[in-house]
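Engineer: First to last, the sequence lines map onto chains V and L. Anchor point for the first sequence: position 181 equals 181 in the numbering used here, and the numbering is continuous, going up by one each time. Anchor point for the second sequence: position 166 equals 166 in the numbering used here, and the numbering is continuous, going up by one each time.
These are computed hints drawn from the structure, not numbers from a lab. Keep in mind that this is a model prediction, so the values were computed, not measured. Even glycine gets a Cβ: it sits at the ideal position worked out from N, Cα and C.
To give a feel for the contact side, a few chain L residues facing chain V, derived at Cβ under 8 Å:
| hint | residue |
| --- | --- |
| 1 | H34 |
| 2 | G121 |
| 3 | V154 |
| 4 | L174 |
| 5 | T252 |
| 6 | Q259 |
| 7 | A260 |
| 8 | L291 |
Here are the simulated DSSO-like pairs of lysine-lysine, each with C-alpha atoms no more than 30 Å apart in a straight line:
| hint | chain 1 | residue 1 | chain 2 | residue 2 |
| --- | --- | --- | --- | --- |
| 9 | V | K78 | L | K158 |
| 10 | L | K158 | V | K62 |
| 11 | V | K78 | V | K62 |
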Amino acid sequence: MTTTTAAPVRPAPVRATRRRRTEIDSRRQRWGWLFVGPFAIVFATFLIAPLGYAFWMSLRLKTLATGERFVGLENYVKAFSDEIFLRGLLRVAGFAAVMVPVQILVALVAALVLDTLTTRLSKFSRLMIFVPYAVPAVIGALMWGFLYSPRFGPAADLFGLVGLDAPNFLAPGTVFGSLVNIVTWQWAGYYMIVIYAALRSVDPSIYEAARIDGATGRQIALRIKVPMISSSMVMVVVFSLIGTLQFFTEPQVLRSIAQGAIPVDYTPNMYAYSLAFSYSQFNYASTIAFALGVVVFIGSYLFLYLTRKQSGLK
Amino acid sequence: MATTLADRAAQTGRAPRALRPDREVGGGRRIGSHVFLLLLVVYFVLPLWWLLVASTKSNSGLFVGDGGPLWFNSEFSLLDNLRGLGTHNGGIYWRWLGNSFLYAFAGGIGATVLSILAGYGFAKYRFRGRTFAFALLLGSVMVPLTALVIPTFVLLSKFDLVNTVWAVILPSLLSPLGVYLMRVYTQDAVPDEMLDAARVDGAGELRVFFQVALPLLRPAIVTVLLLTVVGTWNNFFLPLAMLQDPDLLPVTVGLNGWQALSNAGAGGEQVWNLITTGAFVSILPLIVAFLALQRYWQGGLSHGSVK
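Pulled out of the complex, with its shape left as it was, chain V reads as follows (with noise of 0.2 Å):
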C-alpha cells in the first residue's frame, strides 16, 4: 500500500519526461474523437437510431381493436412463413445468382483487354463503358423501358434485319432477363473501372518475368493478373451482391410499362415499399426492412468470410 502511493512521488527524472510527454499525447488523441464526432453523430442519427427503432417496431403490432401493442417475435413468424415475402426473397437470391456473374464478367473481361492496350480507341472505350454509371437509375430504366417498348424501340427494326420477329421484352417469362440487362449496362462499368485500377497497381514486371517463362496472353491473365487483384474482385461482388439483393428502382420503374409482368410486391423492398405507403403497415413493413437487412449483411459477411484468404481481410 505504502509503495503504491509512494511510487508516484519520486519518479526517475527520465520516466517524468516520458510520462508528461504521454500526457499530452493522450491528451491529442482526444482530438480523434473531434474529427470523428460529426459523422458519428450523423450515424447514430442516421443509422443505428433507425436500425434500433425497425427492430422495435418490428415487435409491436397495430391494429384498429387493441392499438398498439407488444407481440415479441410474431411479426418474424409471419414475415418468414410469408409466401410473398419468401418469394420475394427467393427472386432476389436468382437475380444475385444470375446479375452479380454476369456484371462482373463483363467487367472483368473489359478490364483485362482495356489492361493489354494503350490506343486512343482503348482509352475511349473506357469512359464510354463507364458512362451509364453517371445515369442515375431511374433514368436508365425508363430509357431500356423505351427501348424494350414495341411502340418506341428499336428492337423491331433490329430483330427485322436477320428476318426474326422482336420478342415481348417485358412479358412475366423474360422481363426477368430485361432486368438482367438494365442493371449490367448500369453497374458493369463502374465495376470495371474498379478492377481495371487495381490491374494498373500491380508491378509490371511480374507479367514480364511469366512472358519469359514462356506464359500466353490468356494464361498471364487468368493465373497472374487475376489472383493479383482477387482483393479488388472480392469487394466488387460484395458491392454488387449487397446491391442486387435490395433490388428496387429498376423493377419500381419497368413496372408501369411492363404491367402485368411485374407485382407490386416484386422484391422485398418492393413488398416492404407497398406495405408501409398503400397500406400503412409500418410495424410489418419494418419488420419486412429489418429482415431484409439481417439477410443482406449475413449473406455479404458469409461471403466475405469464405473468401477472407482472396481478400487479404482478417
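Take the given structure of chain V and dock chain L to it, following the hints.
Structural biologist: Chain L alone, transformed into the frame defined by chain V:
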C-alpha cells in the same frame, strides 16, 4: 530486360518509362481486342444515342417518324420540347432539376466534409474506442441503406420533417464508404512525420489538419465527392418515400411520375417527348462532370479496394 525495353522504345518511339511489357502483343490479337471493345462501346452507348435522338422528336414523331428509332426525323423538335418542359405543369421540370442539384450538392458536400474529418480522425489519432468505432463502421458498409428508409421515414415524421428538403438531405449525409475510403487514403498519403514536424513548429491540431493534411488529400476528396454526389443524385427510394409535394421532388422521381401517368393512358397526360427530353437534359450535368474530372476519379475509385 534493358535491351527489350530499349528495342520496344525504338519500335514505338516512346520513352521506356511509358511502356508496360504486357502491352506489346501480336497484331492479330489487338484487332480482336479492338473489335471486342467496339462491340462493348456500341452496347453501352446505344441507349444514350437513342435518348439523344428521341429528345429531338415530337410526341407523335416518336411513334411514326421517318427516321426510325435510331436516327433523327426530318422534323427537328428539340427546341419545342425544351420549351414544352418550361410550360408543362407550369414549368415544374426545371424546379425538379434545381431540387436534384440542391439535394445532390447539399448531401454530397456535407457527406464529403464529414468523411474527410472522420477519415482523418480514424487514420491519425489513437483515441479511446477507435477500434470498436471503426469495426462498427466497417460492418455498416454492409447494411443495405434501403432497409433504413422506412424506419427513417417514421422517425422523421415524428419531428414533422417528412415532406421537407431536410428529409432527403439529412439522411444523405451518411456515407460509411466515404469515411472508409478517406481513412485508407489518409493513412497512405499523409506521413506522420510531416504532422509531427508541423506540431514541433508549434502548429495546433486544426492548423496541422487544414494546412498540412488537407492539401495532400485532394484526389481522394474529389473521388468521395463524386461518389456521394452521384449517390444522392441517383437516389430514388428515399425521395420517393419522403416527399409528396410535387414542388420538392428531384428530377428522377418527377420523371417517373410523368412516365406512370403517360402509361396510364389519359390523352392529355401523354408527354413522351417531354420525358425523353427531360431525361436527356438531366443526365448531361453528371456526364460532363465525370468527363471533366476523370483525372481524379480514375485512380481514386480503386483506392479502398487495393488495400
